[in-house]
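Trainee: Residues per chain are reported as follows:
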Amino acid sequence: MRIALLADIHANREALEACLAHARSRGAGRFVFLGDYVGYGADPAWTVATVMAHVEQGAVAVLGNHDHAVADTSETMTEAARIAMQWTRGEIAAAARQFLAALPASAADEDRLYRHAAGTPPKRWTYVRDRDDARQSMGTSAARVTLMGHTHVPALFGQAASGKMDHLRPTSGVAVPLLPRRRWVAVLGSVGQPRDGNPAAAYALLDTATAEIVFERVPYDVDAAAAKIRRAGLPESLAARLARGR
Amino acid sequence: MMARPPIHPGMTLDGFVVGPLVHRGGMASLWQVTRAGTDMPMLMKVPRLDEGEDPAAIVSFEMEQMILPRLAGPHVPKFVAAGDFATQPYIVMERLPGASLLARLPELPLPYAEVAALGARVAAALDDLHRQHVVHLDVKPSNVMFRPTGKAVLIDFGLSRHDQLPDLMEEEFRLPYGTAPYMAPEQIMGNRREPRSDLFALGVLLYFFATGKRPFGEAERLRHMKRRLWRDPVPPRQARPDFPPWLQEIILRCLEVNPAWRHPTAAQLAFDLQHADQVKLTARAERARQDPWLTALRRKYDSVALATPPAEPSAGQVTAAPIIVVAIDLAEGDESLAALLRVTAEHLLHAAPGARIACVNVLKQSRIALDSSLDEEGRNKHVQRLVELKHWAAPLRLAEGRVTFHVLESPDPAATILDYARANHVDHIVMGARANSLMRSLLGGVSAAVAGQAPCTVTVVRPRNAAER
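For the protein sequence lines, the chains are A and B, in the order given. Count along the first sequence from 1, add 846, and you get the number used in the numbering used here. Count along the second sequence from 1, add 518, and you get the number used in the numbering used here.
Just so you know, these hints were derived from the structure itself, not from any lab. If you're wondering where the values come from, they're calculated on a predicted model, not measured in any experiment. A virtual CB, placed ideally from N, CA and C, is assigned to each residue, including glycine. You may find that some hints are simply not true.
What the hints assert, rightly or not - Below 20 Å or equal to it, Euclidean Cα-Cα: the simulated SDA-like pairs (lysine to any residue) are: (1) 908/B / 796/B; (2) 1010/A / 731/B; (3) 798/B / 635/B; (4) 1010/A / 970/B; (5) 798/B / 920/B; (6) 899/B / 924/B; (7) 744/B / 818/B; (8) 669/B / 590/B; (9) 1010/A / 694/B; (10) 969/A / 921/A; (11) 1010/A / 908/B; (12) 1010/A / 574/B; (13) 882/B / 937/B; (14) 1010/A / 911/B; (15) 1010/A / 682/B; (16) 818/B / 745/B; (17) 731/B / 699/B; (18) 1010/A / 575/B; (19) 882/B / 814/B; (20) 1010/A / 709/B.
Said to hold, decoys possible - Where chain B lies over chain A, by a calculated footprint (3+ residues, C-beta under 8 Å): (21) 1000–1007; (22) 1016–1023.
Start from the sequences and build out the full structure, keeping to the hints where you can.
Mentor: Encoded structure:
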């Protein structure tokens, strides 16, 4: 079975639609959403409704820090994120709020763990950016494969029984075997606001039969998504960064 | 790990019937196997997992299990199947006929021409491997075999690195893994990302095969291995006074400490080995003895600045240094087309600073045998064409090593250009469209034939609106 893993959508409808279509064309039979459905982007209501519809059909969704901030105003954020969050709170209806508030911080699935970030969400959201971060994250769970988002930069960390850790910057479209004798942390990159210099939407496909993961990059209508952010009166920086992928 | 019955002849494993043991090495054993319905001779490689074995054996086996199924083509053994670590780890692959280059050691030194031909074939195999994103990192006689077609086959990818997959070796071991006499300086220093490390190892092999001596001895200890960072090898001609300067030039260039001073790609190395007369000779070719001790010691304490790992992955590096053929039709006498060809070549050279250009002209020969007076005339024509090719290239102001000139004699220009491109691992052919439309309609365009069948990119250059004039 192929599982599509989507993180950090951030209310970017154009990017999510492109990734969902791409995943279906690749035979994805299951969808896992790894948090941060809202914030930054101009389509929070549609995005949450889409995730809810998938969850009704059996998809898994976990909580992200932006999703948590909808109800919890104590989440610390950058100025642009704070402004976007204020606007977002006015955009989404009660049912969507309830859905977000009820999301679990993590979900286990066979030897896999799905979560938005390392740390102890919703109290602490920690980035996994390097080997030390990955080692710490592995220390907090027994899962063989952990799949997460939060950094907006795709990365794959593998740990041998000896404790040694390797760090791969994935190449789009290349299948990487998650060797059985190792533990893995896959950081998926962002669907709706990539920050690794490549503006294409990022998500991944995990094939449970072959134990291979493919990090995918999908082009989408960046200009349309940016124009909506501007029309909504959100900070210009949130619109401009989409085209740069930074 | 769970105890399991050891592999033994006669047992069946996942449909493979185990035959005799072929080889038992430090890290793995090789068994001959057969399977109903498969005619290809096969080997099963089984890692040694016993208590107290080298932990590198497992990691290197995992690497090979990852890399081999992703490789294709004639320069690697065909992958058949892999067995899981949970039950019995193994790799089944094609068994190649014949022996590795190790079997040739008693014959060393080999004749120069044979060393060059052998080196060109191994370099072609390395070029193919590098284009598939893999650096071998353990090129040595026992890891090189040949198909009956003559094509070289690289075996054993246990120390290799794939630039799109996790590098399990890099993190696992502090000491460099490889075969000490063949290991490139940057590899000794822990850099596993450099495709030109394989050119260094091939240089060691060629030095050994042409002189009978290894350039850096057989040192196994790290301190001794590091000597090659500052101590230059004895020039081959000190061992064999008749050593050809072109071959010394090529081998000593392979053995440069800084990868940036070696050939940019394995394909360019193969090109030099195939065209002895076109090798640009530098001070390396003339070197008669090692540098004085003082010079070497100064290098040692100056802390040799080794090139840092390239930012680009290996396949990117390969495509940045293409071999470009410009086919120049001098007989046509069309100055504007010749100028436009030059402009096109200039653009390509600008975009790929590591590129080299081979200027090719096909001297059309009738199929009728030539008598001796015509033969003389033919030689003059040949020389005249070379002069004209050099004249064409002069405005490009290329350093001598970056451009070569070839007059090929044949009745069939298209077939000749295609053969040349295949034999020399050419990446890009640039040629003019024949201006004379009557000739083209009668004979069929040479450029059309080349573009249709070329093993690489073809650019057909045509002056704007030439057809209407």
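Trainee: The structure should be examined with respect to each hint, and the outcome stated for every one.
Mentor: Each hint, compared with the structure:
With a CA separation close to 13 Å, the supplied pair residue 908/B and residue 796/B stays within the 20 Å bound. As the CA atoms of residue 1010/A and residue 731/B are separated by approximately 39 Å, the hinted pair breaks the 20 Å bound. A hinted pair counts as satisfied when its Cα atoms are at most 20 Å apart, and residue 798/B with residue 635/B qualifies at roughly 18 Å. Simply put, residue 1010/A and residue 970/B have alpha-carbon atoms about 51 Å apart, too far for the 20 Å limit, and the pair is violated.
Distance restraint check for residue 798/B and residue 920/B: the Cα-Cα separation of roughly 9 Å lies within the 20 Å cut-off, and the hinted pair is therefore satisfied. About 13 Å separates the Cα atoms of residue 899/B and residue 924/B, which keeps this hinted pair within 20 Å; it holds. About 10 Å separates the Cα atoms of residue 744/B and residue 818/B, which keeps this hinted pair within 20 Å; it holds. Pair hint residue 669/B plus residue 590/B holds up; C-alpha atoms about 14 Å apart against a cutoff of 20 Å.
Between residue 1010/A and residue 694/B the alpha-carbon distance is near 16 Å, which keeps this suggested pair within the 20 Å criterion. Note on residue 969/A and residue 921/A: the hinted pairing holds, with a Cα-Cα distance of about 9 Å set against a maximum of 20 Å. For the given pair, residue 1010/A sits about 56 Å from residue 908/B by alpha-carbon distance, which is inconsistent with the 20 Å threshold. Only pairs whose Cα atoms come within 20 Å are accepted, and residue 1010/A paired with residue 574/B is accepted, the gap being roughly 13 Å.
Distance restraint check for residue 882/B and residue 937/B: the Cα-Cα separation of roughly 15 Å lies within the 20 Å cut-off, and the hinted pair is therefore satisfied. For the hint linking residue 1010/A to residue 911/B, the alpha-carbon distance of about 54 Å lies beyond 20 Å, and the restraint is violated. Taking the CA atoms of residue 1010/A and residue 682/B, the gap is near 19 Å; set against the 20 Å cutoff, the hint holds. At roughly 8 Å between alpha-carbon atoms, residue 818/B and residue 745/B fall within 20 Å of each other, so this suggested pair holds.
This hinted pair checks out: residue 731/B and residue 699/B have alpha carbons roughly 11 Å apart, not beyond 20 Å. The straight-line distance between the Cα atoms of residue 1010/A and residue 575/B is roughly 16 Å, inside the 20 Å bound, and the hint therefore holds. With a C-alpha separation of about 53 Å, the suggested pair residue 882/B and residue 814/B falls outside the 20 Å cut-off, and the hint is violated. Proximity of residue 1010/A to residue 709/B is assessed by CA-CA distance (about 17 Å); at most 20 Å being required, the pair is judged to hold.
Counting residues of the segment 1000–1007 of chain A whose beta carbon lies closer than 8 Å to any beta carbon of chain B gives 3, which reaches the threshold of three, so the coverage claim holds. With a threshold of 8 Å between beta carbons, the proposed coverage of the segment 1016–1023 of chain A by chain B holds, since 5 of its residues qualify and at least three are required.
Hints 2, 4, 11, 14, 19 from the earlier list are contradicted by this structure; the remaining hints agree with it.
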